[in-house]
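K.L.:
Sequence:
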Amino acid sequence: MLDMKKEIKCLFLVVILCCLASCSSLTTPLQQISQSDDEVFSTPMREAKVTNEEKRGFNPASEPEEGEFRVLSVPSLSIKDAAKNAEILVIPKLSEKNSNRVSFNNMPIGVFINELFSNQLGLNYIIEPGISDIQDLVTMRLNSTVSPEDLYSLATRTLRAYGVTTSVRDDTLFFSYAPEAAKNEIPLIISGKALPNVPPTSRPIFYIYPTRALKPNNLRATLKQMFPAKDLTIEVDVSRNALVFRGPLGLVNQAAQATLTLDVPTIRGMLSRVFRPTLNNVTKLANDLENVLNAQGYYVTQEPGPTAIRLLPLQSVNQLIVFTQSTEVLNHVIAWAKMLEEESYGQVEQGLFSYQVRTTSAMHIVNVIRNLGIANFVSSSVNKTPVNATSTPQASITAHSNNRLAVDEQLNTILFSGNGADWLKILPTLKDLDKPAPSVMVEVVMAEIQLNDSEQGGIEWLANSTADGFGLNYGTLNGLGVGGSGFRLTLDNAGATRALLNFFYKNEKAVIRSRPRLMVKSGGTASIDVGNEIPIITTNTQGIENNNAPIVQSISYRKTGVLLDIEPIVHAAGFVEIGVSQELSEATATSSSNIDSPTILNRKINTTVTLQDGGSVLIGGLISSTSSEGSQGIPVLDQVPILKRLLRQEANEKVRTELMIMIIPYILSSPEEAEELTDELQRARMKLLGN
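Numbering (the numbering used here) for the sequence shown: 166 to 856.
These aren't lab readings, by the way, just hints derived from the structure by calculation.
All residues carry an ideal CB built from backbone N, CA and C; glycine is no exception.
Be a bit skeptical, because a hint or two may be false.
Claimed, not checked - Straight-line distance between alpha carbons at most 27 Å, and here's what the computed DSS-like set of lysine-lysine pairs gives:
| # | residue 1 | residue 2 |
| --- | --- | --- |
| 1 | K724 | K769 |
| 2 | K590 | K449 |
| 3 | K686 | K596 |
| 4 | K600 | K724 |
| 5 | K449 | K503 |
As the list claims (entries may be wrong) - Computed beta-carbon distance windows for the label pairs:
| # | residue 1 | residue 2 | range |
| --- | --- | --- | --- |
| 6 | G275 | Q480 | 48 to 58 Å |
| 7 | S318 | V276 | 19 to 29 Å |
| 8 | N567 | Q521 | 39 to 49 Å |
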């Protein structure tokens, strides 16, 4: 029984050992991460994009600048117009099926929209944020049959009372929360039982209409001409700024509709712009525009009243508001206003002007402008040497010696003192140069594979005998250098080794991967240095006066690891010209000499290439292969075809190295693109580390 237990235990141990032997290694967290190296080193950060110069470029002219003539859009109330436009676009899409007995009782706004516009009317819609925060409940009951058009109109009017308005964008109905939408509804006060469309049996009725734009007296005079019937009386309620209608339902209804049509601003439908001059006085600009346009035959006035072109100067804020009936006339007025403003610049012989640079360095722009000879450059700091003193000849700017350029580095603003006409020449160039330089994310992929195969085998033997009473010992034992690794078979006789058989095979594979990433602005330089500084003995010195003088060693430090230097320039067509210097080095033990310093294994490349965004290009590579064969044996006998295997030791070694260097640039036109790319990389790494 005990023997059986021992056998079972031995069998169990054998099985355990076999299972452990079948496993190459236990998986560690580092090995788990390393398993994804192929994906990490081969997957691009993002897809290459189609370069669009217009999207990359920044147009400062679209932004209002300090110190220049501005043309601004005036504010407008478009909520009601957007809702009306939505009704015009949505109603033709509704089905012809009528709805019967529609009933909603104390229903939240969002649920009401979903039930009526989706289930009842079958429309596609989007509810914008803010509507879900409305706490009011909707109640609607319709006992009679109603058409889809009437149901839509009634529902939108109901929602408008809660501050929910409608609009159409991209053929989709949008519901937005705008509290002012409810204020646009005109409260109707009726002395009867309902609105002006009450049944005809309810007569006479009183209808109070608060005016929105025009004076009640002006409206009453017009309405009296339209409705001279004695059955309809129209009075003015001064305290409420309203009209009071009294009469039959039909006449009151017609008068109310007419009043809604007439009670609009006199300039409704007119286009408007705000002019903000910098040199001109707003009153002078308005008078000049009025004189010029009147001379051209336009009806222009600065006084209240009906007109084709209205000029409204605001002296307190130095702004001029212009109203016109058409886009063509408005553009014509804008052109004249800009021309008059430019003429004012030309009349300034010595003035001070400024331009605040928005997207680049003001000093960079000034360095370009000063070479044109338009103005002298004055340094903003007394400790700095003027730029034009070293690189720009004085003779090239003597024609404009009264013009001066300076830079406020704290506010990144260009200051110009000189002739106004010269400033007008410089200003467009300043705007063209005021563009953000795109950044470039450059990643360099370096992969190196080292393969090493070595094979060694041989037989050593020893024999002894006697000849004429003398002992003879002969053989190759310990003479051929047979190694001790690998398979080893030894024959012993009386405690002495008589023969030794050894076979050895070694296969080594080393993979070195590097993928540094570096971001830099176009035209700039950047470098990254990740690695170690290895001490290397450079000199050994010893005094000659004393033989026991100590040896003094001089040590220098050699950088190893990943060293990357780049200098990209982004062209307007979307190409990137990159000057790159890539070095990958590591320290290894020195085996070729007795010097106590490491050997530096270095791979380095310097080149300049032109690539597109996301383009992966091989910029360098190397394939090297070394093969060596050697043998040791007994002369002459080691060449005998059959006996040579017994009389010599053979060694073969093959070394192969494959090196590949690739570069991939990514153009980042805005900070948002850089942040988005950073977030993607962070999510990818967190996902990898989380697994």
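K.L.:
Confirm or reject each hint.
P.N.:
Taking the hints in turn, this is what the structure says about them:
{"no.": "1", "hint": "K724 x K769", "in the structure": "holds, 13 Å"}
{"no.": "2", "hint": "K590 x K449", "in the structure": "holds, 24 Å"}
{"no.": "3", "hint": "K686 x K596", "in the structure": "holds, 20 Å"}
{"no.": "4", "hint": "K600 x K724", "in the structure": "violated, 39 Å"}
{"no.": "5", "hint": "K449 x K503", "in the structure": "holds, 14 Å"}
{"no.": "6", "hint": "G275 x Q480: 48 to 58 Å", "in the structure": "holds, 50 Å"}
{"no.": "7", "hint": "S318 x V276: 19 to 29 Å", "in the structure": "holds, 20 Å"}
{"no.": "8", "hint": "N567 x Q521: 39 to 49 Å", "in the structure": "violated, 23 Å"}
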